[in-house]
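Peer 1: The primary structure of each chain is shown beneath.
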Amino acid sequence: MTIRRGDEDIVVLDGVCAVEDAETLLQMLQATPGALVDWTQCRQLHTAVLQVIMASGSAPVGPCGDVWVQQWLTPKLPQKGTAG
Amino acid sequence: MHKVLIVDDSKLARMVMASAFRRIRPDWTLVETSNADEALTAISGDAVDVALIDFNMPGIDGLELVANIRKTHPNMPVAVVSANVQNEIIGRARELNAGFIPKPLTDESLAAFLSGAALRLKKSPT
Amino acid sequence: MSALEDQFVAEARELIRQATDNLIALERDGMSSDRIDSVFRAFHTLKGSAGVVELPAMSLVLHAAEDVLDNVRHGTLVAGAEMVDAALACLDQVSRWVDNFEAAGALPSQAGEDSRAMAQRLRAFLPRSGDQIVSSASDLPKEKGQGSLPEWVSRLIAAERDTITSQMPKGPMAATAISYEPFAGCFYNGDDPVQLMRQVPGLLALQIEPREPFGPLADIDPYACNLRLRAVSSGSRDEIAALFRLVPDQIEIISVPPEALPAAKMHLGSGDQPLICKVIEAQCELMRIPDRADDLAGCIGAAARVAENALRHGQRPDLADTVKHAGALALGQRDAGPLLSALEKALAAFTSTPSTMAVNGESQAASERPADRVLRVSEAKIEALVNLAGELVVARNALSYSVGQVERKLDSGEVARSIQRDRDAIDRLVTELHGAVLQLRMVPFSQLFGSFPRLVRDLARQLDKKVALVTSGETTEADKTIIDRLFEPMVHLVRNALDHGIEDPGQRRAAGKPEAAKISIAASRSGDRLLVEVTDDGRGIDPSVVRRKASERQILPPDELAALSDEAAVDLVFSAGFSTASTVSDISGRGFGMDVVRTAIEQIGGRVSLHSNVGVGTTVRLELPMTIAMSRIMVVEAGGQSFGIAMEAVSETVRVAPDRVSTIKNNAAFVLRDRVVPIISLAELMKLPRRKRDAEPRLLVVMEAAGRIAALEIDAVRDRLDVVLKPMQGLLAGARGYAGTTLLGNGQVLLVLDVKEILP
Numbered sequence: 021m022t023i024r025r026g027d028e029d030i031v032v033l034d035g036v037c038a039v040e041d042a043e044t045l046l047q048m049l050q051a052t053p054g055a056l057v058d059w060t061q062c063r064q065l066h067t068a069v070l071q072v073i074m075a076s077g078s079a080p081v082g083p084c085g086d087v088w089v090q091q092w093l094t095p096k097l098p099q100k101g102t103a104g
Numbered sequence: 053m054h055k056v057l058i059v060d061d062s063k064l065a066r067m068v069m070a071s072a073f074r075r076i077r078p079d080w081t082l083v084e085t086s087n088a089d090e091a092l093t094a095i096s097g098d099a100v101d102v103a104l105i106d107f108n109m110p111g112i113d114g115l116e117l118v119a120n121i122r123k124t125h126p127n128m129p130v131a132v133v134s135a136n137v138q139n140e141i142i143g144r145a146r147e148l149n150a151g152f153i154p155k156p157l158t159d160e161s162l163a164a165f166l167s168g169a170a171l172r173l174k175k176s177p178t
Numbered sequence: 010m011s012a013l014e015d016q017f018v019a020e021a022r023e024l025i026r027q028a029t030d031n032l033i034a035l036e037r038d039g040m041s042s043d044r045i046d047s048v049f050r051a052f053h054t055l056k057g058s059a060g061v062v063e064l065p066a067m068s069l070v071l072h073a074a075e076d077v078l079d080n081v082r083h084g085t086l087v088a089g090a091e092m093v094d095a096a097l098a099c100l101d102q103v104s105r106w107v108d109n110f111e112a113a114g115a116l117p118s119q120a121g122e123d124s125r126a127m128a129q130r131l132r133a134f135l136p137r138s139g140d141q142i143v144s145s146a147s148d149l150p151k152e153k154g155q156g157s158l159p160e161w162v163s164r165l166i167a168a169e170r171d172t173i174t175s176q177m178p179k180g181p182m183a184a185t186a187i188s189y190e191p192f193a194g195c196f197y198n199g200d201d202p203v204q205l206m207r208q209v210p211g212l213l214a215l216q217i218e219p220r221e222p223f224g225p226l227a228d229i230d231p232y233a234c235n236l237r238l239r240a241v242s243s244g245s246r247d248e249i250a251a252l253f254r255l256v257p258d259q260i261e262i263i264s265v266p267p268e269a270l271p272a273a274k275m276h277l278g279s280g281d282q283p284l285i286c287k288v289i290e291a292q293c294e295l296m297r298i299p300d301r302a303d304d305l306a307g308c309i310g311a312a313a314r315v316a317e318n319a320l321r322h323g324q325r326p327d328l329a330d331t332v333k334h335a336g337a338l339a340l341g342q343r344d345a346g347p348l349l350s351a352l353e354k355a356l357a358a359f360t361s362t363p364s365t366m367a368v369n370g371e372s373q374a375a376s377e378r379p380a381d382r383v384l385r386v387s388e389a390k391i392e393a394l395v396n397l398a399g400e401l402v403v404a405r406n407a408l409s410y411s412v413g414q415v416e417r418k419l420d421s422g423e424v425a426r427s428i429q430r431d432r433d434a435i436d437r438l439v440t441e442l443h444g445a446v447l448q449l450r451m452v453p454f455s456q457l458f459g460s461f462p463r464l465v466r467d468l469a470r471q472l473d474k475k476v477a478l479v480t481s482g483e484t485t486e487a488d489k490t491i492i493d494r495l496f497e498p499m500v501h502l503v504r505n506a507l508d509h510g511i512e513d514p515g516q517r518r519a520a521g522k523p524e525a526a527k528i529s530i531a532a533s534r535s536g537d538r539l540l541v542e543v544t545d546d547g548r549g550i551d552p553s554v555v556r557r558k559a560s561e562r563q564i565l566p567p568d569e570l571a572a573l574s575d576e577a578a579v580d581l582v583f584s585a586g587f588s589t590a591s592t593v594s595d596i597s598g599r600g601f602g603m604d605v606v607r608t609a610i611e612q613i614g615g616r617v618s619l620h621s622n623v624g625v626g627t628t629v630r631l632e633l634p635m636t637i638a639m640s641r642i643m644v645v646e647a648g649g650q651s652f653g654i655a656m657e658a659v660s661e662t663v664r665v666a667p668d669r670v671s672t673i674k675n676n677a678a679f680v681l682r683d684r685v686v687p688i689i690s691l692a693e694l695m696k697l698p699r700r701k702r703d704a705e706p707r708l709l710v711v712m713e714a715a716g717r718i719a720a721l722e723i724d725a726v727r728d729r730l731d732v733v734l735k736p737m738q739g740l741l742a743g744a745r746g747y748a749g750t751t752l753l754g755n756g757q758v759l760l761v762l763d764v765k766e767i768l769p
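Chains as they are written, first to last, in the working numbering: chain P, 21 to 104; chain S, 53 to 178; chain A, 10 to 769.
No wet-lab data here; the hints were simulated from the structure.
There's no promise every hint is true.
[Unchecked claim] Some residues of chain S that are not near chain A, with every Cβ distance over 10 Å (derived):
1. Met53
2. Asp61
3. Trp80
4. Leu82
5. Val83
6. Glu84
7. Asn87
8. Asp89
9. Ile112
10. Leu115
11. Glu116
12. Pro126
[Unchecked claim] With a straight-line Cα cutoff of 25 Å, these simulated SDA-like cross-link-like pairs (lysine to any residue) come out:
13. P:Lys96 x A:Pro210
14. S:Lys175 x A:Ala404
15. A:Lys287 x P:Val32
16. S:Lys175 x A:Arg164
17. P:Lys96 x A:Gln204
18. P:Lys96 x A:Phe253
19. S:Lys63 x A:Glu63
20. S:Lys175 x A:Gln204
21. P:Lys96 x A:Ile229
22. P:Lys96 x A:His322
23. S:Lys63 x A:Ala12
24. A:Lys489 x A:Leu394
25. A:Lys418 x A:Ala404
26. S:Lys175 x P:Val36
27. A:Lys287 x P:Gln50
Cβ atoms here follow ideal geometry from the backbone N, Cα and C, with glycine treated the same way.
Could you put the whole structure together from the sequences, leaning on the hints where they help?
Peer 2: Printed below as a string of structure tokens:
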């Protein structure tokens with residue numbers, strides 16, 4: 021389980037988020053509009069999952085655990101949430 | 053759990069493929085054949101879900117085989133496996149709606165193709 | 010060796026054979042697309058296989074050969090004799106390496122050098138060698154002219170100005186711009202565009218954006234890729250093209266000259282350093298939260314993993330390992346303390362020292378998987394099984410002996426019949442078992458014949474003769490030992506045929522024969538014997554020439570020579586020191602003649618005969634046992650003891666009246682069909698009491714081996730048996746004159762004579 025529902029309106033990405041997780045994430049975000057995505061514990065992000073995050077229009081919480089994504093891609097996403 | 057057809061005239065290549073499967077998708081079943089004719093027989097007789105086909109085979113080559121498979125299985129996830137990484141081959145594979153996996157085979161490239169294949173099977177079961 | 014490596018060796022040998030055969034056929038029969046395709050495929054698959062078992066030297070030469078053959082295939086190069094020579098030499102090299110690999114699991118140390126030399130030799134055939142006509146170069150996506158950069162490149166550079174300058178260590182340099190628009194369906198083919206971008210060397214800037222604006226979340230198809238990725242890299246165009254080689258139709262690669270890039274700012278340390286610190290700090294924060302009893306384990310595990318990854322990314326595997334261990338410790342103690350302190354220490358160490366390039370020491374564990382399950386039996390085990398089955402045959406013989414005794418005592422009662430029936434059943438089973446076990450060692454003649462097309466081709470080329478080789482009976486099977494031991498004699502026979510038997514094309518024309526000569530090798534079974542025939546349609550062996558040579562070389566006295574039939578005279582070519590070649594040639598003048606062939610064949614229990622017609626050709630016929638595990642022996646008695654004589658050496662048993670035996674200087678002899686045969690008393694030879702019976706006819710076993718003949722005088726012939734010969738062991742190990750021992754039915758150890766040692 022690499023995508024799970026955290027407290028209330030938080031969706032947690034944990035470990036390796038593979039292509040098939042994109043659909044799970046989309047369903048959770050569709051079910052809970054405005055939910056936050058916590059990707060601090062994500063180790064590796066698949067493009068499809070990233071695309072869902074981008075399409076949701078909301079910035080994930082905290083620095084991405086996938087260091088490469090954090091360095092190269094986070095600055096390109098709309099900034100909203102902060103660590104905590 | 054899916055059934056995968058591996059077509060390669062080299063037993064060594066099939067062994068490499070099979071051992072990669074044991075690591076990546078140990079629960080998927082494998083059917084091995086060494087040429088196109090056997091492959092077509094296997095596909096017509098068996099519930100094959102995914103096919104991994106060597107390009108470089110005597111007689112009917114991998115792309116011709118994919119073209120043949122497409123006549124009856126337009127949506128089956130199929131990949132052409134080859135060490136000839138040439139635009140022409142990749143392009144023709146793409147036209148046939150097939151993936152391309154380069155040789156030497158790596159777990160990463162195979163795993164990536166298989167997760168895509170699993171997606172496709174989920175969307176449109178064969 | 011692993012099953013994979015075994016398979017590699019087996020498959021490589023088969024591919025080498027296939028490539029060799031087709032190369033030779035190509036040269037002989039001329040160009041054919043099927044042939045060249047098959048040769049190309051064999052080289053290509055070999056190259057791939059070498060990659061699988063990680064033999065770069067082998068891959069290198071095969072790649073060069075593949076390039077040459079690819080040109081032949083596409084008609085840009087003609088497969089001349091020299092090129093075929095080079096390709097065959099390449100296969101020879103690869104074949105030796107396969108042997109090395111099988112024996113030692115590695116290639117010899119000079120393999121790299123040999124490989125480069127061979128690759129160079131091969132590449133010299135390429136049209137305009139040195140030019141980049143290698144596949145990868147011609148496959149590169151087309152590069153647009155420099156000077157006028159596409160608009161997207163200029164915009165990308167302008168937008169990423171700051172990022173680019175902060176990433177460039179030493180001022181402006183040439184760069185490469187990449188635009189990657191993955192197909193909508195790319196996820197289904199397993200593509201992960203971000204993953205591909207991660208591997209871009211020297212990344213200076215990256216942009217990711219939707220190609221079409223995203224619609225409302227409810228309408229999103231998560232598996233339709235709608236992204237465009239653009240990047241600037243300090244890597245070369247070739248590097249980038251190689252990385253994106255699988256998506257050539259979705260990528261645009263543009264070389265950016267240094268002047269098109271913004272001037273660099275100097276900066277210190279690794280670009281990732283602040284980020285990595287930030288990640289580790291975040292994990293520290295996480296660990297400092299008190300009272301997290303419920304999900305503590307999960308938090309520790311996740312924090313340790315994230316920090317570990319960040320540190321590895323920052324080229325500090327040492328710190329990463331420390332954090333990993335601390336994480337495990339913390340999990341064990343259910344206390345964040347150890348991890349927190351390790352994280353703090355790592356943070357301090359990471360910020361105070363520049364990143365080091367300690368990249369070695371990667372875990373080997375991942376590659377150590379349980380071996381593939383393939384049943385592989387060593388030759389030694391099969392040998393043991395063969396020996397056991399052989400012993401069983403002996404035990405069966407012993408049983409028969411006992412049953413015979415019981416029968417005599419019980420005088421054909423009910424019990425005797427029942428024992429007899431059981432013995433017959435066991436007899437049958439043992440025979441079947443023995444046969445089945447021997448089958449394990451049976452290999453087809455194709456294994457032996459495989460190297461001859463090449464041999465004939467090379468020799469013919471060397472001698473400027475035209476020869477076609479025809480083989481038949483490839484599927485005939487024989488014991489591996491026989492096949493192995495047949496190789497050298499067969500090579501010699503074929504060499505002889507080519508060198509001495511077959512005429513020059515000119516001579517053949519003059520004799521009204523087709524220019525191309527024919528050599529055929531045929532294997533077949535005849536009852537329980539194997540027949541191998543090597544036939545040529547050459548000049549044949551002239552008995553008068555043989556006679557002349559024999560007398561020159563004093564093989565036989567002139568009068569004996571004159572008495573020989575033509576057939577017998579021709580047979581003299583097998584005599585030691587005989588050679589019919591008028592000049593010592595490079596081919597067969599290698600210090601051994603046909604006598605060596607005869608010896609080698611007789612050693613495995615076979616016979617050689619030769620039939621020749623002057624002007625028509627020569628056939629050498631080898632008659633061989635199916636297997637050499639069992640020996641047929643004759644049990645004889647002399648001086649009150651039994652001895653065995655291998656039947657293959659016995660030509661006949663005769664009774665000779667005392668008056669036919671003449672004694673010259675204490676040596677007895679008699680005349681058998683015009684041949685003087687010396688007589689040796691076995692009892693005397695074995696230092697046993699000799700029976701005095703001067704008036705009785707003498708019992709003689711006539712033995713022939715290695716071209717010599719003698720008669721062994723014995724008291725009686727007891728039996729003829731199939732036995733398993735055991736080499737002399739223990740106290741007898743050094744004894745001369747014995748071929749070995751065998752166990753008889755009554756438990757007696759029988760000494761089997763080595764006829765070759767006994768013959769005068």
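Peer 1: None of the hints should be skipped; say for each whether it holds.
Peer 2: A quick look at each hint next to the structure:
1. Met53: 19 Å, holds
2. Asp61: For S:Asp61, whose nearest Cβ neighbour in chain A is about 8 Å away, the distance does not exceed 10 Å, so it is violated.
3. Trp80: Given that every Cβ of chain A is farther than 10 Å from that of S:Trp80, nearest at about 15 Å, it holds.
4. Leu82: 13 Å, holds
5. Val83: Since the minimum Cβ distance to chain A is about 17 Å, S:Val83 lies beyond 10 Å and the statement holds.
6. Glu84: Answer for S:Glu84: holds, closest chain A Cβ roughly 13 Å.
7. Asn87: S:Asn87 is indeed farther than 10 Å from all Cβ atoms of chain A, at 12 Å.
8. Asp89: Check passes; 17 Å lies beyond 10 Å.
9. Ile112: 12 Å, holds
10. Leu115: 15 Å, holds
11. Glu116: 14 Å, holds
12. Pro126: 13 Å, holds
13. P:Lys96 x A:Pro210: Satisfied, since the Cα-Cα distance of roughly 20 Å is no more than 25 Å.
14. S:Lys175 x A:Ala404: 69 Å, violated
15. A:Lys287 x P:Val32: Judged against 25 Å, a Cα distance of about 20 Å means the pair holds.
16. S:Lys175 x A:Arg164: 39 Å, violated
17. P:Lys96 x A:Gln204: 17 Å, holds
18. P:Lys96 x A:Phe253: Given that 25 Å is the threshold and the Cα spacing comes to 23 Å, the pair holds.
19. S:Lys63 x A:Glu63: Roughly 17 Å between the alpha carbons, so the hint for S:Lys63 and A:Glu63 holds.
20. S:Lys175 x A:Gln204: 24 Å, holds
21. P:Lys96 x A:Ile229: 21 Å, holds
22. P:Lys96 x A:His322: At roughly 21 Å apart (the allowed maximum being 25 Å), A:His322 and P:Lys96 satisfy the hint.
23. S:Lys63 x A:Ala12: Between S:Lys63 and A:Ala12 the Cα gap is close to 11 Å, so the pair holds against 25 Å.
24. A:Lys489 x A:Leu394: 15 Å, holds
25. A:Lys418 x A:Ala404: Within the cut-off at roughly 21 Å; holds.
26. S:Lys175 x P:Val36: Holds, because 22 Å separates the two Cα atoms, which is no more than 25 Å.
27. A:Lys287 x P:Gln50: 31 Å, violated
The structure shown violates the earlier hints numbered 2, 14, 16 and 27.
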